[in-house]
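Colleague: With the sequences and hints as input, model every part of the structure.
Chains as they are written, first to last, in numbering that gives the first Met the number 0: chain A, 0 to 150; chain B, 0 to 150.
Where hints are given, some of them may not hold.
Pairs involving identical chains hold if they fit within one copy or between any two copies, as the list cannot separate such chains.
List time: in silico DSBU-like cross-link candidates among lysine-lysine, alpha-carbon distance up to 30 Å [unchecked claim]:
(1) Lys109 x Lys91
(2) Lys93 x Lys141
(3) Lys109 x Lys150
(4) Lys122 x Lys25
(5) Lys116 x Lys74
(6) Lys102 x Lys91
(7) Lys109 x Lys60
(8) Lys60 x Lys25
(9) Lys54 x Lys25
(10) Lys60 x Lys130
(11) Lys91 x Lys150
(12) Lys102 x Lys74
(13) Lys25 x Lys130
(14) Lys25 x Lys74
Hints in this document: simulated from the structure, not taken from any laboratory.
There are 2 protein chains.
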Amino acid sequence: MKKLIVMTAAWLLCSMTLPVSAQFAKAEDAVKYRQSALFVMGQHFGRLAAMAQGKIPYDAKAAADNAAVVEAMSKLPWAAFGEGTDMAGNTKAKPEVWSDNAKFKEAADKMMAEVGKLNAATKTGKLDDLKAAVGATGGTCKNCHDNFRNK
Amino acid sequence: MKKLIVMTAAWLLCSMTLPVSAQFAKAEDAVKYRQSALFVMGQHFGRLAAMAQGKIPYDAKAAADNAAVVEAMSKLPWAAFGEGTDMAGNTKAKPEVWSDNAKFKEAADKMMAEVGKLNAATKTGKLDDLKAAVGATGGTCKNCHDNFRNK
Numbered sequence: 000m001k002k003l004i005v006m007t008a009a010w011l012l013c014s015m016t017l018p019v020s021a022q023f024a025k026a027e028d029a030v031k032y033r034q035s036a037l038f039v040m041g042q043h044f045g046r047l048a049a050m051a052q053g054k055i056p057y058d059a060k061a062a063a064d065n066a067a068v069v070e071a072m073s074k075l076p077w078a079a080f081g082e083g084t085d086m087a088g089n090t091k092a093k094p095e096v097w098s099d100n101a102k103f104k105e106a107a108d109k110m111m112a113e114v115g116k117l118n119a120a121t122k123t124g125k126l127d128d129l130k131a132a133v134g135a136t137g138g139t140c141k142n143c144h145d146n147f148r149n150k
Numbered sequence: 000m001k002k003l004i005v006m007t008a009a010w011l012l013c014s015m016t017l018p019v020s021a022q023f024a025k026a027e028d029a030v031k032y033r034q035s036a037l038f039v040m041g042q043h044f045g046r047l048a049a050m051a052q053g054k055i056p057y058d059a060k061a062a063a064d065n066a067a068v069v070e071a072m073s074k075l076p077w078a079a080f081g082e083g084t085d086m087a088g089n090t091k092a093k094p095e096v097w098s099d100n101a102k103f104k105e106a107a108d109k110m111m112a113e114v115g116k117l118n119a120a121t122k123t124g125k126l127d128d129l130k131a132a133v134g135a136t137g138g139t140c141k142n143c144h145d146n147f148r149n150k
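Modeller: If you want it as structure tokens, here you go:
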């Protein structure tokens, strides 16, 4: 009987800390999902940054392809920052993601807006447009990492 | 001098085992990238499977949204299975990915073809269409996991 109560309490606790369970089976899945989406985005953004910095040759088609993936990925992570995912898995998210959620959302919106411009910039075929957009987008990455991610 | 030769040899070895380095800075990044893309895809496919199995309510809009992400993600992992990434990071990929690469590519193509049909099936608004497409797509996931991924 005592075991049953403990198990029920544990189950209730899990339920309470996992209101995002409609989308993610476990809080750890939400953390892994947001990290995965951001990692894939970062890899493709890195290729654009390398072109902008002259580390790899500028290739308009590749730039447009990479920017399209960056834009698609940029929309995904946010649904995975639900309540109960603040301490799960190997998250590096700072408590401010939840305690100052309006500011976090604003930072996410800014990033998505710059990514939209970045995508457009890769379609002009001008390296200078890419450089400017990579700089502006990179600034929004840094802003969010500085304020909302532990090292 | 000896140190220089060793370092040069090490560098050559890295270069030889990393012909994908144009896209990924490290073989570990390629592994993390393909696992990340497949994880994100799996999460969205899981929601479609849950609808098909009646575990969550059928929602035509949500189904279409999830299928669109599944399709976008389904194109990404393959570029990250380059030479030199067969033993990197915490990969679960079997040697057959590289030793029987034509079969692996065929399996990937089959999956992408079924995912395309899955995406179309979510646009008819009919749960039965979703059920059939989820079944067919799931079969291609299983086929590839059985043949090319260690447990």
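Colleague: Taking the hints in turn, state whether each one holds.
Modeller: Evaluated hints:
1. Lys109 x Lys91: within (21 Å within a copy, 37 Å between copies)
2. Lys93 x Lys141: within (14 Å within a copy, 37 Å between copies)
3. Lys109 x Lys150: within (22 Å within a copy, 41 Å between copies)
4. Lys122 x Lys25: Intra 39 Å, inter 29 Å, cutoff 30 Å: inter-copy only.
5. Lys116 x Lys74: So lysine 116 and lysine 74 pass the 30 Å test inside a copy (14 Å) and across (23 Å) alike.
6. Lys102 x Lys91: within (17 Å within a copy, 39 Å between copies)
7. Lys109 x Lys60: both (25 Å within a copy, 26 Å between copies)
8. Lys60 x Lys25: between (39 Å within a copy, 24 Å between copies)
9. Lys54 x Lys25: between (40 Å within a copy, 16 Å between copies)
10. Lys60 x Lys130: within (15 Å within a copy, 37 Å between copies)
11. Lys91 x Lys150: both (7 Å within a copy, 28 Å between copies)
12. Lys102 x Lys74: within (17 Å within a copy, 34 Å between copies)
13. Lys25 x Lys130: Classified as between; 24 Å across copies, 40 Å inside a copy.
14. Lys25 x Lys74: Classified as both: same-chain Cα gap 21 Å, cross-chain 26 Å, threshold 30 Å.
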